[in-house]
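Asks: One letter stands for each residue in the lines below.
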Amino acid sequence: MEYQVSARKWRPQTFEEVVGQTHVARTLINAIRQGRVAHAYLFSGMRGVGKTTMARILAKSLNCASASNEPTVAPCQACPSCQAITAGQSADVIEIDGASNRGIDEVRELREAVKYAPMAGKYRIYIIDEVHMLTKEAFNALLKTLEEPPSHVVFIFATTEDHKIPSTILSRCQHFRFKRITRQAIIAQLERIIREEGIRITGPGLGMIAKAADGSLRDALSFLDQGVAYGGKEVSDLDLQMILGAAGRELLLSMVKAILRRQTAEALRRVKELADHGMDYRQFTGELLEYLRHLVMVKSTAAPEEMIDLSSEEVDEIRQLSSLASIEELQRLFGLFSLALESFRGAVHPGFVLEMAVIRATQIQPLESFEKLLERLHLLEQSVVEGGSRSQSTRMPTAVPSETKASVPNVQIKPTVDTEPMSAVQSPQPGPARVKTVEINSETSGGPGLPLERWGMAVKRLLQEKPNVGSYLEKGVVQEWACGDEKDILVVGYDEGAAVFADLIQKEENQPVIASVLREVFGKPVELKVVRQERSADERQQLKLKQDQQTQQQRKRIQQETLAHPLVKEALNILGGEVIDIREP
Amino acid sequence: MSFETAFERIVGHAHAKAVLTAALATDRVAHAYLFHGEAHIGKFLTAMAFAKMGLCPHPKIGRSSGRPTLASCGQCPSCLAVDSGSHPDLQIVRPDGVQIKIRQIRDLQNSIVFKPMIGSRKWFLIDEADAMNPEAANGFLKTLEEPPDHSVLILVSARPQALLPTILSRCQAVRFSPPPLQALSPWLQKQRGLGPEEARLLATLSMGRIGIAAEGDPAELKIERDRILGALSKERLEDPADLFSQSDDLAATPEQLDRSLDTIEIWLRDVLIVPHDPDASLLINQDIPEQIMAWGRAVSTDAVLETLTLIHLLKRAAPRNLNHALVLETVLLKLRDAVIGESTTGSKTGEAGRVRK
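Going line by line, the protein sequences match chains A and B.
So the first sequence is numbered by the numbering used here: it starts at 1 and just counts up by one.
So the second sequence is numbered by the numbering used here: it starts at 1001 and just counts up by one.
For the record, the hints were derived by calculation from the structure and aren't laboratory data.
Check before you lean on any hint, since a few could be wrong.
[Claimed, not checked] If you anchor each label on the Cβ, the simulated ranges turn out as follows:
1) Thr1026/B - Glu342/A: 22 to 30 Å
2) Tyr116/A - Val1098/B: 18 to 26 Å
3) Pro166/A - Ser1300/B: 50 to 58 Å
4) Ile580/A - Val1098/B: 54 to 62 Å
[To be verified] Short derived list, chain B residues pointing at chain A, Cβ under 10 Å:
5) Asp1027
6) Arg1028
7) Val1029
8) Cys1076
9) Pro1077
10) Pro1165
11) Thr1166
12) Arg1225
[As the list claims (entries may be wrong)] Output of the computed footprint for chain B on chain A, the stretches with three or more beta carbons under 8 Å from beta carbons of chain B:
13) 110 to 117
14) 208 to 220
15) 377 to 384
The beta carbon of each residue, even a glycine, is placed where N, CA and C say it ideally should be.
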């Protein structure tokens, strides 16, 4: 017999053999036992998890001739029906490729054929694979038959994309979702197969295959075949690395270290090494991301061993490395390499993508965390509000000495001018909750002006996201702003004429969106207090005027900047016109 | 068209060759392969050589360093037929226009069921498999999973991520990567009779894309590169009229546009690399490190990265379908901002004034 790839050779023939889909197998077994076999099934799930296999086993169970011609949960594999199905020659089990026979004509033929009684077995079973490729007309032509087929007919649909199946079809089928297969289950199955075939692969080797297979047993078996084709009965880890294009642990580690220590040249040399060994950049980036994820886990959970699928020595190694960067920094790197991973799609020079990511990662100044920046801003504001009198006593985070960091072994610190050390270092303890209230009225509003600006920003954002809610807020006037460590309190006034808006704002359904926008703009939770304003119309007018003035000034500034831009001047020169309007994109 | 194909003549791809040879030697040829890797590096050529080897009735069997080696004899009728493109058991499917259509896949499915005529297997090569349209790709799945025993399907693709996951999972994937410089440049010397310097330059400029290295004229490539890079000089970027006329020039044809974008991308990449590469071993424009250095000094890393992102975006947006000159203008204008923006800040106002006119 010709050589067959493992995925075909080891295709399960009984329900028990199907890996990782016990929830489906058990339901089907019980249905058969109780004689409650439905007339239409839909199997969906990702590639290579056993959909077609399960469909064939079900067909066999239904038609097996050994058990007095009744459906059985353990097809005999010996009767003519079972053997014909295994060989794909059964006259009663019709396997249709939905992608090739996708038109209404094919479905019409099918509808005609359905009427005839089965030749030998009890059922006529139609397995339609890749059913998502049927045309809309074909699906619709199938509806009536699918709802009330002759009693001897069972339909089994299999697809990887159940979202493309019309709901009218879905509601007529019993839908089973196949799960992706866990690494452990894949490894167990691989172990079974290599034992039977007398192949030797190490535990880590099998782990590598299972990881690369990404939940699909067919992929895993395909890698196994390639390994065996290359290495024979004894497949070394090195062989597997080569076939899978996986970088060795060493290379990955030295890359992580170079990035965390911001050694650009070193990291670039590692990229070159990847290329020289013909390794897959994409895959390497994926592994790098996984490692970064491990680092974050180690830093942010108490028992990272549960979250990381690695040996305890490896976790210790990760723990050591994790002292090199803060969580924010790791998050930034994660974002950066995720972006790179996406950029590989359609990249002509995939090597460049990784190189650029590495340069970005190592060259760009570490970010200061958003919270810290905001805290600094708040402190700054306060010191301004208080007329500088108390600014001496307020903590300025920049003043925190960075020496503590230097005690971490093996760390290269890039001296940075004005950024705080990325912190494994204790950040300054927040003091007891202090709330400083700023009265925004005619006397002090000339002071900071900041809350007003932010308020404007928030309103603008809301107008974009939820125009109706934004317009309610727009009518309000900020009266008071209290800045606290935990949250800000914002008092917004509405006069009698706008009272209706005040009510609308306080409506339950509008709360989440307002809160989230305010939180984003102010950088912490903001409590919004809505009050009826008892001010004179005059005062109101003044405040309103102030807000308007600010936006006016902003516009003016943009206008000036734009007109001064050399390109605009050049365009005016060439085209000879005048600027009438300037708009934001 | 003649394919002088044999594994020993193909440069690089040691891994792929070893895997494939082993599969043939141990009679474990899978029914479906996917050869993937960057464009122009010899994937299709390897597929042809593989098929030729598999079809040859008297292959030369040997052993070297513990692994079996195999080679087609190159003289039998079968090998000659493969070379002349007339072997009845070797069928090649290529995009019809820009796509591989379901009709072509159906034709393949009709002919795959027949037994091979003279060889032991029937071989099907699907070049640019990523060009299969969704109907064709889905229609191919069943055949790809369980083709008749005597058949071997080889999909060749430079963009495997554009293939359906269900296609990928049905094939044994064989990865191809550009051959390392150390291998390519001696090969070029031998194959094309180039001097060591020329061969080295050609090897780097082609970035291991053998298809280009095997045909390109090093002197011409260099002239073309210098012409495109000339557009990036500060003086020329500063002159708007020149900038626009250059955009027209450097994007005159779709091929020219591709070349220009590519050259600029490589240049910018080199600009970023050069400060971290003291011995110039990582550079692609290896012959002009000083120029790269000098240009790079005037612009910020951020600006270069931004421009690269822009180029990447444009390339992804299928620049051939856009207004060619406009595509290049966008890039040059971005670079102009980078160059001028940097040089005006912090320099004498007089100079800035002159720049801004």
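Asks: With reference to the structure, classify each hint as holding or not holding.
Replies: Cross-check of the supplied hints:
no. : hint                             : in the structure
1   : Thr1026/B - Glu342/A: 22 to 30 Å : violated (39 Å)
2   : Tyr116/A - Val1098/B: 18 to 26 Å : violated (44 Å)
3   : Pro166/A - Ser1300/B: 50 to 58 Å : holds (54 Å)
4   : Ile580/A - Val1098/B: 54 to 62 Å : violated (44 Å)
5   : Asp1027                          : holds (6 Å)
6   : Arg1028                          : holds (5 Å)
7   : Val1029                          : holds (7 Å)
8   : Cys1076                          : violated (23 Å)
9   : Pro1077                          : violated (24 Å)
10  : Pro1165                          : holds (5 Å)
11  : Thr1166                          : holds (5 Å)
12  : Arg1225                          : violated (15 Å)
13  : 110 to 117                       : violated (count 0)
14  : 208 to 220                       : holds (count 3)
15  : 377 to 384                       : violated (count 0)
Comparing the model with each earlier hint shows violations of hints 1, 2, 4, 8, 9, 12, 13 and 15; every other hint is respected.
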